Amino acid sequence: MRLFVAALIAGLVLSLASLVWSQPDPSVAKHTAGDKKSGYVYAEPQTRAIQDDDFTNPGFLWIDKGRTLWTRVDGTMGKSCAACHGADAVELKGVAAHYPKYDAKLGKLIDIEQRINLERTDKMGAPAFAWESEDLLAMTAFVKLQSRGMPVDVATGGPAHPFWLKGKQYYETRRGQLDMACAQCHVQNGNRKLRTETLSQGQTNGFPTYRLSWETLGSVQRRFRECNSQIRAEPEPYGSDDYIALELYVASRGQGLPVESPSVRK
Amino acid sequence: MRLSPSRSRLSRRRALALGAGAALALAAGFKPRAALATPDDVKKWLAGIGPGSPQGGKVTIGAPEIAENGNTVPITITVDSPMTEANYVKTIWMAADGNPAPGVARFDLTPANGEAHVEFRIRLAQTENVIAVAQLSDGSLWTASRPVKVTIGGCGG
Amino acid sequence: MASVETRLKVPSAAKKGEIVQIKTLASHPMVSGQTKDSNGKPIPRDIINTFTCSYNGKQVFKMMLEPAISANPFIAFPLRADQTGTLDFVWVDDNGAVYKDSAQITVT
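Protein chains in written order, with our numbering: chain C, 1 to 266; chain L, 267 to 423; chain U, 424 to 531.
To be clear, the hints were calculated from the coordinates, so they are not data collected in a lab. Owing to the predicted nature of the structure, the values given are computational and were not obtained by experimental measurement. The beta carbon of each residue, even a glycine, is placed where N, CA and C say it ideally should be. Some hints could be false.
[Unchecked claim] Ranges of calculated distance between the beta carbons of each label pair, as one might list FRET restraints:
#1 C:Ser229 / U:Val521: 33 to 41 Å
#2 C:Gln177 / L:Gly318: 56 to 64 Å
#3 C:Pro237 / L:Asn395: 43 to 51 Å
#4 U:Thr473 / C:Gln177: 41 to 49 Å
#5 C:Thr121 / U:Ser461: 27 to 35 Å
#6 C:Gly34 / U:Gly456: 45 to 53 Å
#7 L:Pro348 / U:Asp460: 44 to 52 Å
#8 C:Trp131 / U:Lys523: 27 to 35 Å
Take these sequences, add in the hints, and give me the full structure.
The following block contains the structure:
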């Protein structure tokens, strides 16, 4: 009888303990949407602190540059971004949260970097910024900042649907010498340990991100290329159809998560 | 941004990291890598600071227990001092004993600072100790040391 | 980044004797000299090696940086607000290039 009571008490203590341990951390509640968790949740407290302070966040060095580029006259039409969109970019609030997006005129899916470049070539007569150039990173970060805190909200149906399906297929296809698919790390083994690292869900709501390992701001496609290299697959060129489609699919996996650009990650 | 020294969050994580740190230290012995500072280098660096052996005390180092990434490790150094003209911290040095070279930074303060406290971000090549030495206006030297674990990310990142 | 950009966080006003926190950020890759290019050749060291802050012309804080300081150096330190005036910040790199920024503080 005594043994039974002891076991009962032990069981109660253990279940209470596990209840306490599995309590969601209130400090990251803003960075989740149901089951979805931003990369912020997987970061160390010191890394989060760097992101949370707009001064200490090195991403803001690019925001400052983006702000300067915004008002700079560029191209044959003698305009700056501010000339059409306003000096403080308030008009752009919420815009980036819907990208990648289907563009009816072009008949294809485009991401926010491509939209920025289209505005430059079509509306300003200015040359497009090169992929992953400092200027494009700065402008992308600045534009996405206007959606910061707002939920990622991409359309996956309608004309965007075939691209979304293509992205989903890419995500679930094994590739590279290690013969791995995105889904294997980020879905099947999400939240499990790979050496000392906890595998995240691979969310992209924080891009462009100041990655500590890059010691600089980088785009989501830079990360895709790096993921490809890490499983020994040939990285695709920036702006490939696969990557734009993948951007949409991965963004939809984080639907509802707040835009955190420019985030700080490991 | 004041760092709190050692936050215990998930003890499981710490245990894993400790194990990983130990494994890393073992593995490091078998892998060829860039030349790193030897204990002699650190001694030479310390001798270069000036005569006298630093005493323990007055100096507090704030650092993460486990660095998210060795490229950017946030550090704070605080020295207990009134920072008056008569009694202030003149210089603070920081070294890391497992980097290619031990020296990390040197700070020259004045009573105008009001407090002896600095915040900066450093690179750590591996799990190692960060060492701070402070020289007061009376010439005395004080020191503190703190281990920081630097782990390898899962995908080599 | 091609050019070094600097950011300052300095309170615009403070009470006499109040200790304020000064925060600075400078964009610079801080090439340590330990990394190699794609041909295996070491990339030469190129870092910001000195940072100073002067308060109404008098130096109040100096930092000597080594390659072990992270890229985009973040440097924060306290300052006792004594008099209204100008805070001048100077960063110097290995090539002797000098980057400057300044802020005003009103002390009452």
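Right, here's what the structure says about each hint:
no.: 1; hint: C:Ser229 / U:Val521: 33 to 41 Å; result: 39 Å, holds
no.: 2; hint: C:Gln177 / L:Gly318: 56 to 64 Å; result: 57 Å, holds
no.: 3; hint: C:Pro237 / L:Asn395: 43 to 51 Å; result: 44 Å, holds
no.: 4; hint: U:Thr473 / C:Gln177: 41 to 49 Å; result: 46 Å, holds
no.: 5; hint: C:Thr121 / U:Ser461: 27 to 35 Å; result: 31 Å, holds
no.: 6; hint: C:Gly34 / U:Gly456: 45 to 53 Å; result: 48 Å, holds
no.: 7; hint: L:Pro348 / U:Asp460: 44 to 52 Å; result: 50 Å, holds
no.: 8; hint: C:Trp131 / U:Lys523: 27 to 35 Å; result: 33 Å, holds
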